[in-house]
Amino acid sequence: MASQTLYDKLWDQHLVKQREDGTALIYIDRHLLHEVTSPQAFEGLRLAGRKPWRLDANLATPDHNVPTSLKERAAGIAGIEDETSRIQVQTLDDNCNSFNIEQFTINDARQGIVHVVGPEQGATLPGMTVVCGDSHTATHGAFAALAHGIGTSEVEHVLATQCLIQRKMKNMLVRVDGRLGTGVTAKDVVLAIIGEIGTAGGTGYAIEFGGSAIQDISMEGRMTICNMAIEAGARVGLVGVDDITIDYLYERPYAPNAQQWEAAVADWRNLVSDADAEFDKVVVLKAEDIAPQVTWGTSPEQVTSVNGVVPDPAAASDDTEARGITRALEYMGLSAQQKITDIKLDRVFIGSCTNSRIEDLREAARVAEGRTVAKSLKQAMVVPGSGLVKAQAEAEGLHEIFLAAGFEWREPGCSMCLAMNADKLGAGEHCASTSNRNFEGRQGFGGRTHLVSPAMAAAAAIAGHFVDVRDFAPIPTNNTQVA
Amino acid sequence: MEKFIRQQGLVAPLDRANVDTDLIIPKQFLKSIKRTGFGPNLFDELRYLDEGYIGQDISKRPLNPDFVLNQPRYAGASVLLARRNFGCGSSREHAPWALTDFGFRVVIAPSFADIFYNNSFKNGLLLITLDEDTVDRLFKEAEAVEGYRLDIDLEAQAVITPSGESIPFEVDSFRKHCLMEGLDDIGLTLKDQDAIDSFEKRHRTERPWLFRDGKTA
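Taken in sequence, the protein lines are chains A and B.
Numbering follows my numbering, in which position 416 of the first sequence is assigned residue number 416; successive positions increment by one, without gaps.
Numbering follows my numbering, in which position 192 of the second sequence is assigned residue number 192; successive positions increment by one, without gaps.
Among these hints, one or two may not hold up.
Non-contacting residues of chain B with respect to chain A, defined by C-beta distances greater than 10 Å in every case (computed) [stated by the list, open to error]:
#1 P40
#2 N64
#3 S163
The list that follows gives simulated cross-link-like pairs (lysine-lysine, DSSO-like), each with its CA atoms no further than 30 Å apart [what the hints assert, rightly or not]:
#4 A:K170 - B:K191
#5 A:K51 - B:K140
#6 A:K344 - A:K375
These are computed hints drawn from the structure, not numbers from a lab.
Built from N, CA and C at the ideal position, the CB exists for glycine as well.
Take these sequences, add in the hints, and give me the full structure.
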């Protein structure tokens, strides 16, 4: 057989039918659901008199709308003060009950952001196709699963047929060679990649991340990288299987049982690109060149290193880009050539499907330990990605570090990443955020988002403005598993 | 889904690259559990000067006079002219729902984000990709000539300008077919029920751990 990329292998393993018009029917193994993009799909099923094809493929949890304050959470769905949010979370609950779909309900310990919950449970496995009505489904590609976001019509299509109509994408390899410097994390790597290829650089491609720097990164760090593949325009991000993948999955609740574990692992070992596989495009970055990153604009590609400056529209490559920079500077209230470290902050948000896992919280806590959030800040909040992450962090005493430093310690959910709940920015406020999108208004009307790693966010909270976390002692280790 | 065969429409130019789905329809409106009613909040943060929320009286909101869709000459536009990477960001289908609810049937741009592209065709919204120079020229014409209309012929795969010039465009044959017939693709997929069944049986035998019960049959 001709050599194949990981993406080619996953595609072939799920091909139900190739149609003459170039489209293909692809089988879906895992479908994750949340409250925002599913109600119209369930309604569609009902109107057409259709039933879910295979119930056990589906797993639901509310995340986008759920309040993160203990006061509101204590009373469950009924306690959600915002009426429209309450109706949406209630609708998910009703739909899961009436269609018999497994759900981690609002106050279940396993509830959380779908992209944190799936891997944490072992519900995301190598060799699966994973979809969800959320673009950050790319996260699950860290497990060598073919995972991507879908719209609501496709949510309905998957529920009804267990398949999607797809066209094969092209293959791109993004290789990060060398070793990351201390204090440089997975988040900095992915921001640097987006800065390099642009927000449309991956459109039409499945991106595989490889190279020694990626191999050194933990599963959680790999999830952070794949999570933001969509911010480079690629629906799919992938990392091949290795020992780190397999060790992570061992004994997770939904992982293969003891009798099947060895067979599964043997199968998973093939889920890497063949050595001589050809990619349509290859991009290479040197790990040593990557410094902690900060976005200055309103698109994730508008990013630079913490020691950099805000760019000048005059230096843009074309008119469209120059207008984009001008507009971004105006919205962000920044001026050309301004130093990144001079940007003062109003709020800090540590959370989201990009950076709310236990390693992210440890990384932030190491920086915050024994220090105090700057008085000039209105708020610094830490929102764990799931109930289980929260419990683990509390078992390790991380919450005490955060609380002592002046951070708020919240209940799990998407929170201020997209501000569908009560957690949001005010107009004109600058926020150091560990989330994934710095779009206009994303974190609140008129809000100004700067994307950074958890360590950089924590350091910014302490200083009140951006600082190079590498200058902060004790220096946090990057999230690698190799000593 | 509403059929699309051929349609002439007034063109509104939105001169901005990387228009993301948060900009097309901000998150607070995603709390609706319906597919309709998003039109009044299309491009909410660009159209209005105040902050929008669900259930607001739209007629009382201050309009941003600089925004293209608020200019009287573009009232009733059904063709949106846009710049590269239109529709990037989230997978929210509320974005095409808002565009169609507002009255758009066509968006022309040099490139579109993948998920938005998929979602649009499933809602009767035709996306046409033309090269950057051609789009630039259409921008200039639409801005120069009040009442500038384009004739979009999906069957012939052509955009016809007022001067009679015919600009060809590519479209996936499956999507074209669905759009021209107004087809529900779930019904089409279910015609392959037997193929799905037999795939599923084989898949289960080969990789039982992908199924919750771990059984091979």
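Now the hints, each set against the structure:
1. Once the 10 Å rule is applied to beta carbons, P40 (chain B) is consistent with being away from chain A; the minimum gap is 16 Å.
2. Every CB of chain A is more than 10 Å from the CB of N64 (chain B) (nearest about 13 Å), matching its label as outside the interface.
3. No beta-carbon of chain A is positioned within 10 Å of the beta-carbon of S163 (chain B); the least distance is around 25 Å.
4. Restraint check for K170 (chain A) and K191 (chain B): satisfied, since their Cα atoms lie roughly 28 Å apart, inside the 30 Å limit.
5. Our distance criterion of 30 Å between C-alpha atoms is broken by K51 (chain A) and K140 (chain B), whose separation comes to about 50 Å.
6. Between K344 (chain A) and K375 (chain A), the direct Cα distance comes to roughly 12 Å. Compliance with the 30 Å bound is thereby established for this hinted pair.
Hint compliance for this structure: hint 5 is the single one not met.
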